[in-house]
Each structure stands twice: as structure tokens, then as C-alpha cells.
Amino acid sequence: MRSRLPALLLLTIGLLFLFLGVCQGEAEIVFRKATNLCLECIGLG
Amino acid sequence: MVKSFRQKFRIFVQMGFTALTNGYAAGFVNGTLYKGDTKFLCVPGLNCYSCPGALGSCPIGSLQAVLSDRNHKFSFYILGFLMVFGALLGRFVCGWLCPFGLVQDLIHRIPVPRTRGNRASGAFQKRKTLPGHRFLKWLKYAILLGFVIILPLTILDIVGQGQPWFCKYICPSGTLFAGIPMIASHPELRSALGWLFTWKFAILIVLLILSFFVYRPFCQYLCPLGAVYGLFNPVALVKLRIDEEACTKCQACRRACPLDIDVWKNPNSPECIRCGRCKDACPHGAIH
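Sequence lines, in order, name chains A and B. Heads up: the first sequence begins at -7 in the numbering used here, then just goes up one per residue. Heads up: the second sequence begins at 82 in the numbering used here, then just goes up one per residue.
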């Protein structure tokens, strides 16, 4: 159990960060970028 | 050559996960992108969100999208995803769940032609790493810092917006899974092709050819996502343990490791992608 403690701690912080990110509107930025064609990704812009 | 059940199962999981996370078949037919709610979420591997089949978002592309946004200079959201995936799986993601890793694995499985000249000269032999591996393996950390974090944060246009530098100038996964299918299905895009596409296409071709000779060159030397997950390897829930009493230090694990890692000394190396070949090769069952 002790060896799993750092992973569980990081997991908890990660979930907290996810929640904070959603509250700050970052999920909308990701969604907007992901649902429109990314010209940089395909090598056009 | 794939021998053990684990390696056959790994290929099956890699293909299944790639198909599952790129399951928007209509996108490939019509050249459109999926616009459903799952695109709010990141997938664990390097899977371009502009791939016509993609149902989720690429964590590296998303990180650059948030960092280059003029209203955000830090991304809790993407760091959260990376911490969750990293803490649970570490680089198991690279070995089992990444579509571009799968492509490199499949190419590397193509056998070298056994011609007499080839055997004599040794010119076209498979190898685990590139010459200079000791230094080259740090390149992915430089790419993570430079192209994914610092450049999108600091080089801004007139309205304060940055660019996704890694996606734009390096990412071969975007070229393969998004660029080629989109350009194939949209003739009007072909007239806009220029030096940037040629550059990215050249990177892709070099890496695909190199994958034939060297095991996963992109993952070993260039992938910023692998660099992130590698940092989690020593603490992730999925990790390797050596039974010190059973291990005879015979180095069978190192010989079997496609990444040339001394598994018996460093079972949770940041380079390890958890393919499990060391476990299959250990004659004493000392790797758990």
C-alpha cells in the first residue's frame, strides 16, 4: 500500500486539476480546437 | 516476430484501442470531423483530434491549444489528464494504447530481407537504438519544453495568440492520421499545400523508414507525450518489480528488451513502455 501512495496522491491531484480546468473554461478551448480542422496539424497553416 | 501470448494480446489491444478511439467511420467517408461531447476529453495516446475518425482529443495538441490561448498561461485541465493517465499507467500508454506506437511496431515487425550481401555487410540489420542514444534520448524532453510549452507561450501574434509549434512543425501522427486522410478527401485543400506539408511529410517518411530498422524511433527520441509519461514510470500503479531473490542477473531481460533497458537494475526506467518482453524472457520468473 505504501508504494502506491505517490500514485494515489498524484491521481487525486490530477482529478482536482481536471475539476479546476473545467471551472476555468479550458475544456471549451479543447473542444473548440478539437472540433474544427486544425490546419497546423495537417500541415497547411 | 511475435512469440508470446502477451505480445499477441498487446497487438490486439493496440489495434482495438486505436479503432475504438478513432471509431467515427463517417469522418473517413466524408472527410469530416466528429463534433460530439467526447471531444471535451483527452485520449491517453498521441491521437490527432483532426483525424477524421477521432472521438477524443490529443493531450499534446490540447496542451498547446490552452497554453497558446491569450486568456490562459497554464493548463490545469490537461495537466490533470496527464497526471491521471501517468499515475495510473505511466508509459504503459505508449506500449499498449498509442496509435502511432502501433504503426511503428507493425513496421518494425517486417523482416529484413536475407540476402547474402546484406548478411555479409550488416548494412541493413535491425537495431534497438540509434548511435548516440545516450544523448539523443534527451531530445524528447527538449521538444516537450521548447515546442510544446515555451514557444506556444512566448511567441505571440498581434492579438496575443500563440501557435501549436509541435503540431505545426513536428508531429508525424498528425500528418499520418489527419493530414493525409483530410487532403485525400478534400481536393480543394491540395492547392494550399506548401513547404510546411512537405517538411512534415518528410519527417513522417523518415520516421517510418527508420522504424523498419530501429525500434520506435519517434517514441525513443522525439515524443513529448512519452517524455511526460516516462516521468511517472517510477511511481505509476502499473510498474515492474524485481524479485531480488529469484533474479540471477543473467541479463536475459536486457537482451529481450527492444529498448535495451537493464530491466533487472532499473525496472521502472523512464524509457520503458511496458511491452512485457522482459517478463516473457526471464527464465526465473523474477519480474512481476
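Treat the hints with care, since some could be wrong.
As the list claims (entries may be wrong) - In silico lysine to aspartate or glutamate, DMTMM-like type, Cα no more than 25 Å apart, as pairs:
id, chain 1, residue 1, chain 2, residue 2
1, B, K116, A, E20
2, B, K209, B, D343
3, B, K89, B, D343
4, B, K330, B, D343
5, B, K218, B, D341
6, B, K207, A, E20
Calculated directly from the structure, the hints in this document are not laboratory data.
Against the structure, the hints:
{"no.": "1", "hint": "B:K116 / A:E20", "verdict": "12 Å, holds"}
{"no.": "2", "hint": "B:K209 / B:D343", "verdict": "13 Å, holds"}
{"no.": "3", "hint": "B:K89 / B:D343", "verdict": "24 Å, holds"}
{"no.": "4", "hint": "B:K330 / B:D343", "verdict": "10 Å, holds"}
{"no.": "5", "hint": "B:K218 / B:D341", "verdict": "12 Å, holds"}
{"no.": "6", "hint": "B:K207 / A:E20", "verdict": "45 Å, violated"}
Consistency note: the structure conflicts with earlier hint 6 alone.
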